[in-house]
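Q: Sequence:
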Amino acid sequence: MPIELHCHSTASDGDCTPTEIVERALALGITSLALTDHDTVDGVPEAIEAARPFSLRVIPAVELSCHFEAREVHLLGYFVEHRDPDFLDLLRRMRGERRERIRKILEKLKELGVELSFEAVEQEASGDALGPPHVARALVLAGHVPTAAQAFEMYIGNHGPAYVGRSLLSLEDGIEAIRKAGGVSVIAHPGTCRDWPRVERMMQLPVCGVEVWHPAHKKPDRKRAKKLGGRYGKVLTGGSDFHGPRGDYHEMGSSRVTERVVSRLLEIVGERTLV
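480 is the number that my numbering gives to position 6 of the sequence shown; each next residue is one higher, with no gaps.
To be clear, the hints were calculated from the coordinates, so they are not data collected in a lab. Nothing here was measured: the structure is a model prediction, and the numbers come from that model. The beta-carbon is built from N, C-alpha and C at its ideal position, and this holds for glycine as well. A couple of the hints might just be wrong.
Stated by the list, open to error - When the alpha-carbon atoms are kept at most 25 Å apart in a straight line, the in silico SDA-like pairs for lysine to any residue are as follows: (1) Lys692 with Lys582; (2) Lys582 with Glu593; (3) Lys654 with Lys582.
As the list claims (entries may be wrong) - For each label pair, taking beta carbons as the anchor points, the in silico distance ranges come out as: (4) Tyr637 with Ser737: 36 to 46 Å; (5) Arg545 with Gly617: 32 to 42 Å; (6) Arg531 with Arg720: 38 to 48 Å.
Could you put the whole structure together from the sequences, leaning on the hints where they help?
A: Quick look at the structure:
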């Protein structure tokens, strides 16, 4: 049976509500679902409640925005205690940083002659985990660009004139925060780093797993991620990174990951509990 370990809802930058994510998972026959919104677990309670009458396991999860060697990297956390006060406080602070980043992006856009209000960006987000995708959608709605992809290419992408980096959590601190919240950490889509020696250095940290199967990974990426994960004894995971039925999306449950991966992650959680 298929499972899904990487998807996003309207709590961050997805198009579907947590309830809609659960409904879609049920329709696809998915047996385990991890809601991995960016820097927030706000959608987890709704997803758990929506799945309660059904035989669908909802895994409390998150995707943290971190930095390693001065570059951004994403860290997935599974089986986190989504009501832990310290963890929730960290996420609140991270979302505050996100809002400040958006304001700086808008200032740069204004200098380029592109007027866009903060309120217009907020209207594109259901939750408070604002990010560049919301700016991109607002730019499209305002008629500045025809597509969100062009918004990134022309303005707000990594090499765009309105790009603003983030004061992110270090990868080491992210791993520790997930551990303290009772969860297990997994490096997300390492192939997007385009720097495999750097990825290998990440693997030497106390991270539990690495995402091998991801839409952004081509066959050589999967092969390298799998090899590094095996070398350092990491759990090999994967997911669709589903954000909604838009563009060239990948459907939930389309990766090669099975319940055996969930069982291994649970084993790690159990081993820690016994220590």
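Q: Against each hint, give a clear statement of whether it holds in the structure.
A: Hints versus structure:
The suggested pairing of Lys692 with Lys582 is violated, with an alpha-carbon distance near 34 Å, which exceeds 25 Å. Taking the CA atoms of Lys582 and Glu593, the gap is near 16 Å; set against the 25 Å cutoff, the hint holds. Only pairs whose Cα atoms come within 25 Å are accepted, and Lys654 paired with Lys582 is rejected, the gap being roughly 37 Å. For Tyr637 and Ser737, the Cβ-Cβ distance of about 41 Å falls inside the hinted range of 36 to 46 Å, so the restraint holds.
The hint said 32 to 42 Å for the Cβ distance between Arg545 and Gly617, and at roughly 33 Å that hint holds. At roughly 27 Å, the beta-carbon separation of Arg531 and Arg720 lies outside the given 38 to 48 Å, and the hint is violated.
In the structure shown, a violation is registered for the earlier hints numbered 1, 3 and 6, in ascending order.
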